[in-house]
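I would like the entire structure built from these sequences, with the hints used as guidance.
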Amino acid sequence: MTDKFNLTPPTPASSKKAGFTHEAPTGKSDEWFTPPSIFTSIGLTFDLDPCSPGADRSYVPARHHYTIHDDGLTSSWFGTVFVNPPYSDVKTWMLKLADHGDGIGLVFNRTDTVWFQAALAKATLVCFMARRIPFIEGRTGKVKGNPGTGSALFAYGETAAQALLQSGLGHCVRPVKN
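The sequence shown: position 55 = 71 (my numbering), numbered continuously.
Be aware that one or more of the hints could be misleading.
When the alpha-carbon atoms are kept at most 20 Å apart in a straight line, the in silico SDA-like pairs for lysine to any residue are as follows [to be verified]: (1) Lys107 <-> Thr90; (2) Lys160 <-> Leu60; (3) Lys107 <-> Asp72; (4) Lys160 <-> Gly173; (5) Lys138 <-> Arg126; (6) Lys193 <-> Ala134; (7) Lys138 <-> Ala177; (8) Lys138 <-> Leu181; (9) Lys107 <-> Ser91; (10) Lys193 <-> Thr127; (11) Lys160 <-> Ala177; (12) Lys193 <-> Phe132; (13) Lys107 <-> Glu47; (14) Lys193 <-> Trp131; (15) Lys107 <-> Pro77; (16) Lys193 <-> Val130; (17) Lys107 <-> Arg73; (18) Lys107 <-> Arg79; (19) Lys112 <-> Gly173; (20) Lys160 <-> Ala134; (21) Lys160 <-> Leu181; (22) Lys193 <-> Ala177; (23) Lys160 <-> Pro51; (24) Lys107 <-> Ser53; (25) Lys112 <-> Arg155; (26) Lys158 <-> Pro69.
Label pairs and their calculated CB-CB ranges [stated by the list, open to error]: (27) Ala71 <-> Arg190: 28 to 36 Å; (28) Gly157 <-> Val192: 34 to 42 Å; (29) His80 <-> Asp115: 25 to 33 Å; (30) Val159 <-> Gly184: 16 to 24 Å; (31) Arg155 <-> Gln182: 27 to 35 Å.
Since the hints were derived computationally from the structure, they do not count as laboratory data. Note that the Cβ used here is the ideal one computed from N, Cα and C, for glycine as well.
Structure (structure tokens):
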């Protein structure tokens, strides 16, 4: 079977490493970038990437980019946003995206965590990725390792939800609101 998304097949995490290959040990970078194939599948141009390494280094098709120097977490967000949060603070970034209500967030598939459940409660749609994503290491710009877990894309708002539904990236579900 041809993998039109150029995603790696699932494999178990190495038992020789602590944690997962793109969850950085203390003192290491937690910058892992989303590969262009994901954005090709989603088919959106975003208004803002608040977690950007800079427009010249970003794979995110966004009109505006906030870098660490802009402090994207405390800056005002506008329009449709794409968030691949730093792994050191996923909860805060995802809750801000949920409150913003317009965009897509890419995170580890950690359904058992408090932050995942809180983000899910406000989501319009969640796409559980069919394959593990070959993330690009921020320091080298190269694909490195295979993540030890799958990923999920959270959509907030109908534009983002429709983009994920048509993307073919995985199984999409709409959370039941209590």
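Hints, verified against the model:
With a CA separation close to 14 Å, the supplied pair Lys107 and Thr90 stays within the 20 Å bound. For the proposed pair Lys160 and Leu60, the alpha carbon gap of about 26 Å is over 20 Å, so the pair is violated. The straight-line distance between the Cα atoms of Lys107 and Asp72 is roughly 27 Å, outside the 20 Å bound, and the hint therefore fails. A threshold of 20 Å between alpha carbons decides the hint, and for Lys160 with Gly173 the separation of about 32 Å lies outside it, so the pair is violated.
Between the alpha carbons of Lys138 and Arg126 the distance comes to roughly 16 Å, so the proposed pair stays at or under 20 Å and holds. Of the pairs offered as hints, the one joining Lys193 and Ala134 holds, with about 12 Å between alpha carbons and a cut-off of 20 Å not exceeded. This hinted pair checks out: Lys138 and Ala177 have alpha carbons roughly 13 Å apart, not beyond 20 Å. Taken as a hint, the Lys138 and Leu181 pair is honoured in the structure, with Cα atoms around 17 Å apart against an allowance of 20 Å.
The suggested pairing of Lys107 with Ser91 holds, with an alpha-carbon distance near 17 Å, which does not exceed 20 Å. Distance hint between Lys193 and Thr127 is fulfilled; the C-alpha atoms sit about 17 Å from each other, no more than 20 Å. In summary, the hint linking Lys160 to Ala177 is not supported, as the alpha carbons are separated by about 29 Å, beyond the 20 Å threshold. Proposed proximity of Lys193 and Phe132 is supported: the alpha carbons are some 15 Å apart, at most 20 Å.
Between Lys107 and Glu47, the direct Cα distance comes to roughly 16 Å. Compliance with the 20 Å bound is thereby established for this hinted pair. Of the pairs offered as hints, the one joining Lys193 and Trp131 holds, with about 17 Å between alpha carbons and a cut-off of 20 Å not exceeded. This hinted pair does not check out: Lys107 and Pro77 have alpha carbons roughly 24 Å apart, beyond 20 Å. Distance check on the hinted pair: Lys193 and Val130 sit about 17 Å apart at the alpha-carbon level, within 20 Å; holds.
About 25 Å separates the Cα atoms of Lys107 and Arg73, which puts this hinted pair outside 20 Å; it is violated. At roughly 25 Å between alpha-carbon atoms, Lys107 and Arg79 are farther apart than 20 Å, so this suggested pair is violated. The suggested pairing of Lys112 with Gly173 holds, with an alpha-carbon distance near 14 Å, which does not exceed 20 Å. Among the hinted pairs, Lys160 with Ala134 is inconsistent with the structure: their alpha-carbon atoms are about 30 Å apart, more than 20 Å.
Distance restraint check for Lys160 and Leu181: the Cα-Cα separation of roughly 28 Å exceeds the 20 Å cut-off, and the hinted pair is therefore not satisfied. Taken as a hint, the Lys193 and Ala177 pair is honoured in the structure, with Cα atoms around 16 Å apart against an allowance of 20 Å. At most 20 Å may separate the alpha-carbon atoms for a hinted pair to count; Lys160 and Pro51 meet this at roughly 12 Å. At most 20 Å may separate the alpha-carbon atoms for a hinted pair to count; Lys107 and Ser53 exceed this at roughly 25 Å.
Distance check on the hinted pair: Lys112 and Arg155 sit about 26 Å apart at the alpha-carbon level, beyond 20 Å; violated. The suggested pairing of Lys158 with Pro69 holds, with an alpha-carbon distance near 15 Å, which does not exceed 20 Å. Range check, Ala71 to Arg190: Cβ separation about 33 Å, and the 28 to 36 Å hint holds. Taking the beta carbon of each, Gly157 and Val192 are about 41 Å apart, inside 34 to 42 Å as hinted.
A hinted range of 25 to 33 Å for the beta carbons of His80 and Asp115 is inconsistent with their spacing of about 19 Å. Judged by the Cβ atoms, the range 16 to 24 Å given for Val159 and Gly184 holds: they are separated by roughly 21 Å. At about 34 Å, the beta-carbon gap between Arg155 and Gln182 stays in the expected band of 27 to 35 Å.
Hints 2, 3, 4, 11, 15, 17, 18, 20, 21, 24, 25 and 29 from the earlier list are contradicted by this structure; the remaining hints agree with it.
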